[in-house]
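Work out the full structure: start from the sequences and follow the hints.
2 protein chains.
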Amino acid sequence: MPASTDDTPQGIRRRNLARVLRAVAADGPLSRPGVAARIGLTRAGVAPLVDELLRAGLLVETGPAATGGRGRPGSELAVSDRGPAGIGAEIGVDHLAVCAVDLRGRIRARVAADAANRHSEPGPVLRQLSALLADVRTGIAAEGLRPAGLAVAVPGLVARGSTTVVHAPNLGWRDTDLAPALAPEYGGAGSVPLTVENEANLGALAELRLSGGTGRPAPPDFLHVSAEIGIGAAVVVDGQLLRGDRGFAGELGHVPVYPEGRPCDCGGRGCLEQYAGERAVLRAGGLSPERAAAGRPGPGAAVALLARRAADGDAATVRALHEAGTALGIALAGAVNLLDPRAVVLGGSLAGLAPWVLPSLERELTFRTAVAAQPAVSGDPLVRVSQLGADGPLFGAAHAALRAVLDDPPAFSPTHRSRC
Amino acid sequence: MPASTDDTPQGIRRRNLARVLRAVAADGPLSRPGVAARIGLTRAGVAPLVDELLRAGLLVETGPAATGGRGRPGSELAVSDRGPAGIGAEIGVDHLAVCAVDLRGRIRARVAADAANRHSEPGPVLRQLSALLADVRTGIAAEGLRPAGLAVAVPGLVARGSTTVVHAPNLGWRDTDLAPALAPEYGGAGSVPLTVENEANLGALAELRLSGGTGRPAPPDFLHVSAEIGIGAAVVVDGQLLRGDRGFAGELGHVPVYPEGRPCDCGGRGCLEQYAGERAVLRAGGLSPERAAAGRPGPGAAVALLARRAADGDAATVRALHEAGTALGIALAGAVNLLDPRAVVLGGSLAGLAPWVLPSLERELTFRTAVAAQPAVSGDPLVRVSQLGADGPLFGAAHAALRAVLDDPPAFSPTHRSRC
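Chains A and B, in that order, give the protein sequences. Each residue of the first sequence is one higher than the one before, starting from 1 at the first, in the working numbering. Each residue of the second sequence is one higher than the one before, starting from 421 at the first, in the working numbering.
Rather than coming from a laboratory, the hints here were simulated on the basis of the structure. Heads up, some of the hints might be wrong.
[Stated by the list, open to error] Far from chain B by the CB rule (all over 12 Å, computed), these chain A residues: (1) 34; (2) 118; (3) 244; (4) 342.
[As the list claims (entries may be wrong)] Rough simulated footprint, nothing fancy, chain A against chain B, three-plus residues with beta-carbon under 8 Å: (5) 427-437; (6) 645-658; (7) 665-671; (8) 682-690; (9) 750-764.
Computed from a prediction, not measured in an experiment: that's the story for all the values here. Using N, Cα and C, we set each Cβ at its ideal position, and we do this for glycine too.
Now the structure itself:
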């Protein structure tokens, strides 16, 4: 969240509450003096803020802190593992998923279902999603958690600041507002706040906030590439998503790569998606997209097939992935020249295909950009492979839903909402 | 400047001083109640802030305000036309220029000189620039103005937050720090603050803050394309320049347009600059870049020649400009798909060649992007032609140098610096 410019006493108090909560969420358990030191306030200034967050159930005391010196021992503070939960949902072309994350960042519930959402009607898909949402809410309510917000990841363009999917070509949806179908539980007055967001954007938020188990969080300026059926990207600047004027930023799949090349469904020609999208790669490898998915429906079936054949040394598949990497490298060379990101993170199905895609991709970047041709000061490579893979958008959605609490704790105070 | 997060009384006071000064600079002359209403403070809260800015010589009283109602008449406030001046300088391939702008945004001094800076040694160029700077300082001192800062526009990459030109291919400069050559007057301790910035970035700031005489300021999210000898761009997001991790963002000239096309000086192949850069267009029009500049040296000679021949209906020139527009449209289609800007502003020499470049450029954008294919909600066209033209970077530099005063008035208080 950009820093608020509300300098009234109330505005400053809200900012300070958020600073305390974020400090404990990031570095807790912490003593009160530890919190004060981290956020640059006095111990006397921190005390009433901590009390308010304890009353709201956002912080808990975990017992006396081990103090190495003088003074009475204080109690350590941690964020609550009860209280608010962020709910993330994902509408994929071949699956649906819902998960819940608590303030400590732990996944507390997760359900998923295979689905055939290609060129679907929104109504039945959203009814199935509502059933999954109800399952997750029942599960977390038993553990003392209540939803702070719901964020839904979709493979398409979302109008900025709205809940409307303007165009999701692989779902076949146009100008579809998700709010009416999910109401009254979500998005209405007094109900759980609802946001709808492009899946690549939410995948990028996950990279920024999670370490992916083994890796490190992404740097504050990076480009996140998310390939599934289509190819999307998210541009992150100073830790914030660049959404674009209409909310349509990140359309990497329609960057022209070979301007006189193959016609694209978008009406253009030579778009990246025609060379590195899942269906294009399957066809280039001599496989039928329909038959690739028929044997093993569900998410990742086609990617798994490509990875298996490439690992077996199938020449057509290896060549198809090499050519996809070349096309990605050309498109990313343009993006890197324009944006100079610290890193390019390959997520989604690209993560699993990296061994065969990365060499030609990196060759193009080195050939075509000043940035990739010289070693980074940090020593880190420009291109990284996501450790979250296909789970990024779902986890990112749950974390985005929780973010509102961390940025403005009073908005989640029990007095603001009568029931969960 | 992003909002400061310093919530100490001093930090809040600095922010409020900046709010008052910016309000008067933007909308003055204003009465004290007018200022209070604009920035959401009480009249009692505004009074001491105004007094401090009057004492610092940043505001002046212009006489009693015409009040339509009750209450005693107040004096109107305006920003001073004495006091601080922003100094802008430009190092071009074929010229040098320096100007000074006062807080009212008026140009108070301007000098320029033709120069042959292609593949030059930095030393003599910077000595000539220093002489022009001395001329401007002498001139404005006589009018009661003193330099608040100097910003230098260069046609090359500048390391982020530094005064070092990493690479300016058309000047032939590499890793050149401008600060030692301009010291001790600029950039040293207690002297006038010095910033060095890519010319396209400063051109973008000019578009954002000036109306260009007849036009309107650019929207807060736009892409500024600056073509001179090379082609650069600036990405503006929420009114701020996107600089990139190393400060290298905006390298539109090296976005691949025809990946298997002409070799480029950068080591790549098929870069935009090879199809839409000034030398490429001259060659495609059957003209020698060296001979085009020989008859009439100085800035804009080649562009003027191209415009004259195109206006005369010379088929080779018209075809060359049409092809440059096509290449620009392909590169910009990638940028628009990635960034979704509200506007694309064509500046520099492109402004003068727009009648012959724009049709093919817009055709490619409409063909290749969802954004350009549909009419904007605002009714404004996506692509605009700059009204500032080749003067943008110089004016932008002067305004950038002045910006520090508007963002933090106490930094310019007379007690901070012993002499101008």
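Item checked: Hints violated by the structure (numbers, ascending) -> Hints 3 and 4 contradicted; others consistent.
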